[in-house]
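Peer 1: Those protein sequences? They're chains A and B, same order as listed.
Here the first sequence is numbered in my numbering, starting from 1 and rising by one per residue.
Here the second sequence is numbered in my numbering, starting from 285 and rising by one per residue.
Keep in mind that the hints were calculated from the coordinates and are not lab data.
There's no promise every hint is true.
[To be verified] Okay, derived cross-link-like pairs now, DSS-like style, lysine-lysine, Cα gap no bigger than 30 Å in a straight line:
id	chain 1	residue 1	chain 2	residue 2
1	B	K408	A	K280
2	B	K363	B	K339
3	B	K407	A	K276
[To be verified] Pair by pair, the computed Cβ-Cβ distance ranges are:
id	chain 1	residue 1	chain 2	residue 2	range
4	B	S365	A	E248	31 to 41 Å
5	A	E49	B	P370	16 to 26 Å
6	A	M167	B	P370	48 to 58 Å
7	B	K310	A	L231	25 to 35 Å
8	A	A273	B	P393	22 to 32 Å
Glycine is no exception: its CB is placed at the ideal position from the N, C-alpha and C atoms.
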Amino acid sequence: MNSDKILKYILFTASLLILLISGGMVFSLVRGAMPSFHEFGWKFIISSEWDPTQGREQYGALLFIVGTLLTSVLALLIAVPLAFSTSLFVAEYFKNTRIASVVSTMVDLLAGIPSIIFGLWGFYILRPFIVSIGLSDQGYGIFTSGLILAFMIIPYATSLSNTSISMVSNELKEAAYSLGATRLEVIWNVILPNARSGITASYILAFGRALGETLAVTMLIGNSNRMPTGLFSTGNTMSSVIANQFGEASGLQLSSLIEIGLLLFVMTTIINAVGKFIIKKLNR
Amino acid sequence: MNQTNILAGKKVTELIPDLFSGRKLKDRLFLIGIVIFSLLTISMVVLIIGSMILKGYHQINWAFFTQSPPDTFQAMMAKMSGKTIPGGIINGITGSLYLVGIASLIAIPFGVLIGIYLYENSKKKYAGFIRDITDVLQGVPSIVIGLIVYLWVVVEITHGYSVLAGSVALAIMMLPLIIRSTEESLKMIPDTLKEAAIALGTPYYKVVMRVLIPSSFSGLMTGILLAISRILGETAPLMLTTLGNPAINWNIAKPVSAVPLLIWQFYNDPNMVDLIWSSSLFLMGFVLLLNILSKWIAARQK
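Pulled out of the complex, with its shape left as it was, chain B reads as follows (with noise of 0.2 Å):
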């Protein structure tokens, strides 16, 4: 009622919006702002890959994946006759699996204990206060934690740089991701679920292994593929703790190379230029692969 009398005291042009008068048009002006500032963001993610793809699919053949990288004398030599670098970044492939091969082993484990953990006893001051160390943790530059893992590995136990070295401090980096993914998909889990089990007199660690696990699986998988694919390109960490190596090495106590390793050595030698396309193409094929994959796991459980 009221509403009619309000209506009733204005002539019928007020009541129709002008397009075109100041508010409508700040409106779209925004609008259009806004578009084109979303455009401009992911703009860049297609430069980058595309200009990776341009300059770096011609490097890329059988010898790229199963030989180790030429010497600067070797790529000087076939740049200046015209051809396509000889030789590959096997030893950076081989090394990157090693480092991220014992840095999940020693992350994973760990990881989903102190999720468990976390998630079981959610309420405790305790848990609360791991909680935010995990957050700290998480929040560590990877330079830093490379320092910590020299100071740790290097100095103390391997006396030199070493694969152990390496996957400590890559493990270090995983860990906080993988115990909040986990946290989270547990508490995904309806209540009703675990309390039927518990009903029927299930002792905890069946609970665990039989409920808990199989149902959070795939949260768990997507949060470990996200970790690994976040380790995978990071290199100042590595520097400080696993160095490089010409050669495969597959002893612990000894320097590996990485891909992201062999990238940095590459941008240092100006013989290598052509490599280090190829190099970082491939790495961003593998971590962009991880990504897509764990996004297709997480979408297939809704």
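Bound-form chain A, shown alone (with noise of 0.2 Å):
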């Protein structure tokens, strides 16, 4: 064999790494859910029934999901318009000049600043500004913990929707100018049709950002194993849950906690796929 062909061999062996890592993951999760899913079965999806105590356990991951699902949501309906703006800021109104580079590097550093720091910036200043202001007795939520997530997931919806936005051609925006349209009017006409796909992508991509994050979320959710009633409610979620109660957890309890892990595996894979689905058919 020539040394080609052993190099070639190499990178084949190197990229079987991949498929050895996803799919032992999936292996692995399924089983270790296996024996809460033969005690409660699909119950488990729709019970919000969750109780360790010894001899009369009960395991149902409803509240989890409601609680990932609602911070995630309404951290993207405020991270939306943020995100939005500085993409229009960054890639068409001021496209190129300093203060747009300025203002892309400060989101990069939005994306460089570690969960848990966001997290402790949420409890010891958002969260007693919340109370001051009269909001909540506590300040801990739904709301603060989306306040925060919003803030956590704008780098991943601005990145991709800056580039769809700066590549819309000139001639088309040029061609909509000429016949007297404002600027306000080529964006919405103009930019934001061709550069839809992109944006959209982005967005859901940065969904499934905010459906995984943990510390922040655990630091700000309160915690408590309740069915969240408004904005200002506390809660849980499936990730700050996994970490909550990983530590102590064990036998029927950390199977449920697997299965947990395991829900929120293909919610994250399904939300990514879609949006990587959008980008391919964009590309092509």
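Now that you have both chains on their own, put them together as the hints suggest.
Peer 2: The following block contains the structure:
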């Protein structure tokens, strides 16, 4: 065998590692979740009972699924106007200027801030502020975590939309301007229709990020196992229940936590697949 | 010709744009909205970094980088007498470096090899499949990766929380980032460069080692540094895999601390509040430094 063949063989073998990791991941999650699935079946997803008391253990994930979806949807609702404005600022209004590069560097920095630091900031600075303006008694809850999550996902929402907004061809824009369109009309009638799928994809991917965020949410949501009743009500999410209870869990409880992990894995994978599918169609 | 005919039928006043009519006004209001919302977005960065510096700087001293954290009692005594809390986060700093070091040793070689594979076989169906799976892997929440590595390493290999488990978790998070950045930076190399080398009869491994890797080196470095800066602040997977350790540890099969883990511990201990901010400031500074370094390398290339 010559050296070319050997290298090709090495490269191919390395690529198997990806299959091994992802296949092993699914296998281990499913195997770990089996005891819980045997015990509760599909009821696991629709039951909101979570009781680790010995002897009458009862586990259902509905509370956490609702908590995850509520915080992530809220985060997306807050993030979209902010991210959209920032994208237009960087990729359209102030394109290629110094101030645009300052703003985009700042947004990149936002992506570099670790989750735990967002959590600390939310806990020590945002939470007292929310209490002081009288929005809620303790400051914990869906709203506080959603707000912090929103800022955490803005970098993911802007990166791809910036590119797709700046890729809209100048000729199209100039044609609209020459017809007397204002900038807003150009944005609305030329840029948006052309960059639509890229922007949508980046918001979907950002939503996927929000679903899996752990520590910042764990520190802010209040970790109460009850159904959230409003924006300022406390709750719990899938990732934070894993983070909170994993240390002491064993047996059926551990298996139930792993099943929650499996559900989270499936949810984020579906969301990401949809986002990537849109991008793929875009590149063709 | 046609245009002059259209214009001729209008009065002069109709041709002068009215600055305050509905369309123009909307246009202006929209721009103002965009600027306000963009400022709001970046003000968050300023607020977070600013409060970190204001609350954390006075705790940063020599001991902070050379000693282990105090126990709750020592911290409480110092707090009551109004002194700065003694001790530092040396166990976290060494632990973080150890974890990230081992993770890099695993993830960088494999990541670069797989990246080269994807670049060389970009048209093959199998490579496309690997690329998709890599994207899936990149989207897996860090807490789920922690769970998996707990099942794989903590339960099966080291029979307890360990450096190895934490490093494997971080390596799995680094891998997709490095694969994609390697492939992207290899794509930037002009084909002629590679073809010239192949035309000289250079063996394939030499093309890789002498042409592909050197000419995409800054791209590779940028990707690696960004990947490291992303995992440096990861806390959730480490909570499930390395747990933490009050002392410095170099044994790969034993638990170890890390700066983000220490922050989490300080957060759960009311006496340690002051240390939270200085540790966060340190972590933040380190992460930002790596970010800036990678940007600088990327910019120098252009």
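Peer 1: For this structure, which hints from the list above don't hold up?
Peer 2: Those not satisfied come down to hint 5.
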